[in-house]
Amino acid sequence: MRLLHTSDWHLGRTLHGVNLHEAQTAVLERICELVEDPPDGIPVDAVLIAGDVYDRGVPPVESVQLFEWTLSRLSAVTTVVVTSGNHDSAIRLGYGAGLFRDSIRMVTDLGQLDLPVLLEGTDGVRAAVYGIPYLDPDHARVALAGGGAPLPRSHQAVVGAACERIRADLAERPGVRSVVLAHAFVAGAEPSDSERSIMVGGVDRVAGTVFAGIDYAALGHLHGPQAPESAEGSVVRYSGSPLRYSFSEQDHTKVVLLVDLDDSGPARVTPVEIAQPRAMATLRGRLEELLESPHFAGAEECWVRVTVTDRVRPDSLMDRLKSRFPHALQVFHEPEGAVERGRAGTTAVSERDARELGADFIAYVTKTEASTGEVDVFEAGYESAVRAQHLAEAQEVA
Numbered sequence: 176m177r178l179l180h181t182s183d184w185h186l187g188r189t190l191h192g193v194n195l196h197e198a199q200t201a202v203l204e205r206i207c208e209l210v211e212d213p214p215d216g217i218p219v220d221a222v223l224i225a226g227d228v229y230d231r232g233v234p235p236v237e238s239v240q241l242f243e244w245t246l247s248r249l250s251a252v253t254t255v256v257v258t259s260g261n262h263d264s265a266i267r268l269g270y271g272a273g274l275f276r277d278s279i280r281m282v283t284d285l286g287q288l289d290l291p292v293l294l295e296g297t298d299g300v301r302a303a304v305y306g307i308p309y310l311d312p313d314h315a316r317v318a319l320a321g322g323g324a325p326l327p328r329s330h331q332a333v334v335g336a337a338c339e340r341i342r343a344d345l346a347e348r349p350g351v352r353s354v355v356l357a358h359a360f361v362a363g364a365e366p367s368d369s370e371r372s373i374m375v376g377g378v379d380r381v382a383g384t385v386f387a388g389i390d391y392a393a394l395g396h397l398h399g400p401q402a403p404e405s406a407e408g409s410v411v412r413y414s415g416s417p418l419r420y421s422f423s424e425q426d427h428t429k430v431v432l433l434v435d436l437d438d439s440g441p442a443r444v445t446p447v448e449i450a451q452p453r454a455m456a457t458l459r460g461r462l463e464e465l466l467e468s469p470h471f472a473g474a475e476e477c478w479v480r481v482t483v484t485d486r487v488r489p490d491s492l493m494d495r496l497k498s499r500f501p502h503a504l505q506v507f508h509e510p511e512g513a514v515e516r517g518r519a520g521t522t523a524v525s526e527r528d529a530r531e532l533g534a535d536f537i538a539y540v541t542k543t544e545a546s547t548g549e550v551d552v553f554e555a556g557y558e559s560a561v562r563a564q565h566l567a568e569a570q571e572v573a
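For the sequence shown, our numbering begins at 176 and goes up steadily by one.
Treat the hints with care, as some may be off.
What the hints assert, rightly or not - EDC-like mimics (lysine to aspartate or glutamate), calculated; alpha carbons at most 20 angstroms apart, straight line:
id, residue 1, residue 2
1, 497, 467
2, 497, 464
3, 497, 485
4, 497, 509
5, 497, 528
6, 497, 476
7, 497, 475
Everything labelled a hint here was simulated from the structure, so no lab data went into it.
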């Protein structure tokens with residue numbers, strides 16, 4: 176059996192104000208081509224999309240149309256299984272799931288966790304494909320408790336409970352290979368600047384061993400392709416996003432994963448590169464060098480982030496840079512010899528631990544070290560704001 180694993184399309188996303196619809200159309204076109212005409216001639220039995228189809232709960236119309244076009248094209252030649260991510264509205268993404276033909280399977284409801292999509296490959300291999308939509312611990316800890324006391328307030332607890340339900344169902348299906356789609360942050364994997372934090376109670380990760388007993392876990396959420404540590408016998412992979420969504424991803428090779436499952440033995444994973452519509456580059460130097468040096472010629476058609484090091488900030492800086500680099504998106508002025516600004520502190524504030532961020536803020540405002548109680552209040556307020564944002568998106572009050 177052959178599967179194609181992808182995730183984190185983030186349809187509707189912009190890059191520093193640039194509409195990415197055309198670029199997203201190009202990479203989805205490439206994914207459709209891979210399924211319609213596989214590189215080695217082996218047909219793809221199912222496409223697995225592990226969450227964050229859209230970038231927000233209420234996506235632009237053109238993004239909905241792009242997803243519809245992609246689904247229609249893929250489902251004409253294979254089965255498509257989709258789960259929701261933390262950026263999606265699970266209810267909206269799953270709308271019409273009961274009406275779709277069998278080749279389109281939307282798994283966005285917690286009640287579907289242990290109701291697999293049953294596939295039989297062109298080679299006769301059978302597989303049960305389970306979907307774990309993004310689990311918000313504050314909701315899922317009650318929903319997955321089975322009427323008992325709520326589960327601990329953590330991603331580890333709720334994803335673990337979901338996997339226990341899946342393993343219980345698998346026990347009744349001897350001789351069937353198992354695949355799980357999950358949208359989660361697995362410990363040991365590396366984030367980038369473009370993922371939204373899912374931290375709850377100061378913790379956002381789950382152990383890779385939570386997928387013990389599963390032949391292949393198709394993960395979404397992190398944008399770089401990678402293989403976090405997992406239990407023996409299980410293969411756990413992030414496909415990453417098919418398009419670069421931040422300068423922290425400029426060196427990523429973007430891929431989709433072809434996954435081969437035989438009657439027995441570990442899953443075999445083959446990455447297939449997805450060519451990027453436009454490269455990214457980070458440049459640094461004096462303005463005159465940046466505008467004149469042939470060293471920077473290769474970046475003229477890239478999306479670029481530029482740091483200018485002239486002692487005095489040049490006039491009309493962005494306009495002058497755009498005369499050579501028309502796709503410049505970010506420009507910084509850092510005089511040579513000055514203390515360099517920390518990128519992690521300026522570009523990824525939303526990804527920092529809420530307690531760390533709160534302690535820094537309180538210390539900055541009060542000029543004294545924050546107390547534990549003050550940080551507790553800050554963290555509670557932060558998490559309340561995040562829940563309110565997610566609720567607003569779910570109710571179309573964006």
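- Query: Which numbered hints turn out to be false for this structure?
  - Reply: Hint 5 alone not satisfied by this model.
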